[in-house]
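*Asks:* Chains as they are written, first to last, in the numbering used here: chain E, 176 to 290; chain V, 176 to 290; chain W, 27 to 163; chain F, 27 to 163.
Hints may contain errors.
As the list claims (entries may be wrong) - BS3-like mimics (lysine-lysine), calculated; alpha carbons at most 25 Å apart, straight line: (1) W:K162 - F:K35; (2) F:K163 - E:K262; (3) E:K262 - F:K129; (4) F:K163 - E:K220.
Hints were generated in silico from the structure; no laboratory data involved.
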Amino acid sequence: MAELNIRERQAGDVTILDLEGKITIGEGNVALRSAVRKLVSEGKKKVLLNLSGVSYMDSSGIGELVSSHTTISREQGQLKMLGLGEKIRELLVITKLLTVFDTYPTEAEALNSFK
Amino acid sequence: MAELNIRERQAGDVTILDLEGKITIGEGNVALRSAVRKLVSEGKKKVLLNLSGVSYMDSSGIGELVSSHTTISREQGQLKMLGLGEKIRELLVITKLLTVFDTYPTEAEALNSFK
Amino acid sequence: MTEETVELKLPSRIESIGEAAAAVADAARRLGFAEDALFGIDLAVREAVTNAVLHGNRQDETVPVEVGVAGTDAGMTVTVRDRGTGFDPSHLPDPTAEENILKASGRGILFMRTFMDEVGWEHPPGGGTLVRMIKKK
Amino acid sequence: MTEETVELKLPSRIESIGEAAAAVADAARRLGFAEDALFGIDLAVREAVTNAVLHGNRQDETVPVEVGVAGTDAGMTVTVRDRGTGFDPSHLPDPTAEENILKASGRGILFMRTFMDEVGWEHPPGGGTLVRMIKKK
Ligand SMILES: Nc1ncnc2c1ncn2[C@@H]1O[C@H](COP(=O)(O)OP(=O)(O)O)[C@@H](O)[C@H]1O
Ligand SMILES: Nc1ncnc2c1ncn2[C@@H]1O[C@H](COP(=O)(O)OP(=O)(O)O)[C@@H](O)[C@H]1O
């Protein structure tokens with residue numbers, strides 16, 4: 176079984192990636208990187224990462240979130256996040272990334288925020 | 176929480192002890208010993224041990240079954256057993272006690288066998 | 027190359043039996059032993075530690091029982107060492123013989139031998155008894 | 027008196043990171059650490075082993091990463107040793123500083139320091155780097 180499962184959905188011009196599993200070094204962070212690269216290559220630049228199924232992340236997973244953010248910003252796109260669990264939120268507080276990333280509690284609020 | 180929980184029920188002149196947990200050295204085997212002693216002291220000599228809730232037993236648990244059997248036989252009583260799981264049965268096969276003990280698959284059959 | 031060792035030093039009391047069994051079972055699970063093998067390993071360890079606590083160290087809590095686990099991809103070795111005076115494992119009564127079948131004790135070593143692939147006793151320098159049990163994968 | 031040590035010798039590859047974390051988490055659970063502490067211990071061990079595998083041993087699978095756990099009633103010490111040339115932990119960039127915040131790496135040691143009570147690096151005889159992390163109960 177893959178460490179991280181990624182499902183892609185479309186909501187208007189926003190692409191939602193539902194992530195389920197762990198984003199850790201090796202499989203998890205590589206899977207996320209490929210998924211984001213694929214979207215960018217298809218011109219999909221409004222991306223919402225649904226993290227509500229992500230139970231665990233290490234520093235390389237956090238690093239992958241940063242890279243995804245940078246990659247998409249560089250293309251004048253927008254990366255937003257949804258459904259951060261308590262532990263993931265704690266890691267973003269420790270790394271001071273919670274204010275860098277655009278995070279939302281619900282999918283509706285997240286979708287609404289894309290302009 | 177106790178390692179072994181014992182509930183006492185009466186079915187005609189047969190006393191059923193429903194055992195739940197582990198019968199291992201220390202708490203489990205001591206609990207069984209006291210329960211059987213109490214029955215004998217009350218003159219209850221037709222005893223059915225329901226082992227269907229017993230997940231684990233060590234050699235001291237097996238030894239306690241033998242002691243219970245001996246104690247009750249000595250008083251001209253009868254000890255029977257019910258609901259042996261696969262693992263407990265395996266231990267009784269290894270120790271050659273399966274033919275010494277009176278064991279039954281169902282409570283009805285076990286109760287029927289008391290005369 | 028993957029190698030794993032676990033070492034426990036426990037007071038000689040009944041509670042230590044379950045603690046030792048839990049540590050060995052965790053290691054066995056990580057080494058990939060099947061559920062069925064885990065049952066037998068757990069039981070064999072309980073019996074060996076019970077003997078060390080009761081017969082070897084006579085529940086003197088100031089004397090340690092030492093449990094060692096060495097795991098490789100091929101299997102695991104478990105050692106249990108007490109500080110007692112030992113015994114002669116070649117002269118044990120057979121608990122399944124008719125004259126012993128109704129005894130209340132004497133079945134622990136039978137379980138250790140049944141569920142592990144190899145069981146042997148040693149007298150390590152420094153005294154006491156060490157039982158070494160091997161379970162292959 | 028209860029003491030427990032776990033020692034692992036693992037090939038320097040990514041898969042070893044999870045194996046080490048699982049063994050340490052099992053030990054921590056047996057020592058009675060709460061779920062919350064377990065999360066942090068698991069993460070700190072992953073970060074330390076990741077560094078040993080990637081930076082220390084550069085994923086040379088013929089070189090081992092050695093993980094040690096020593097547990098007592100008061101807490102646990104975890105050591106992770108590689109065979110690399112080491113680094114200067116007093117000159118690390120702060121990953122939360124503005125100029126670093128968008129870097130893709132550099133947050134592992136921050137997590138180790140956040141979730142463990144003490145973290146220190148040593149250069150043991152025989153070479154390499156050993157990071158020692160202590161978590162109290
Ligand atoms: N570590 C030990 N030190 C001393 N004697 C032991 C030890 N282990 C086993 N023995 C002896 O071997 C006997 C058989 O052990 P075992 O088969 O485990 O049954 P039990 O412990 O129920 O008697 C014990 O009664 C004891 O006399
Ligand atoms: N065991 C080690 N051997 C050599 N260098 C190390 C070791 N651990 C950490 N480092 C150095 O410290 C830096 C910071 O480590 P860390 O905070 O874990 O972040 P990252 O590993 O993501 O770079 C690493 O980039 C590396 O240069």
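*Asks:* Holds or violated: K163 of chain F and K262 of chain E, Cα atoms, limit 25 Å.
*Replies:* Distance of about 20 Å is within 25 Å: holds.
*Asks:* Given the hinted pair K162 of chain W and K35 of chain F, is their Cα-Cα distance within 25 Å?
*Replies:* 19 Å, holds
*Asks:* For K262 of chain E and K129 of chain F, compute the direct alpha-carbon distance and say whether it is at most 25 Å.
*Replies:* 21 Å, holds
*Asks:* Starting from K163 of chain F, check that the Cα of K220 of chain E is at most 25 Å away, please.
*Replies:* 47 Å, violated
Comparing the model with each numbered hint stated earlier shows that hint 4 is the single one that does not hold.
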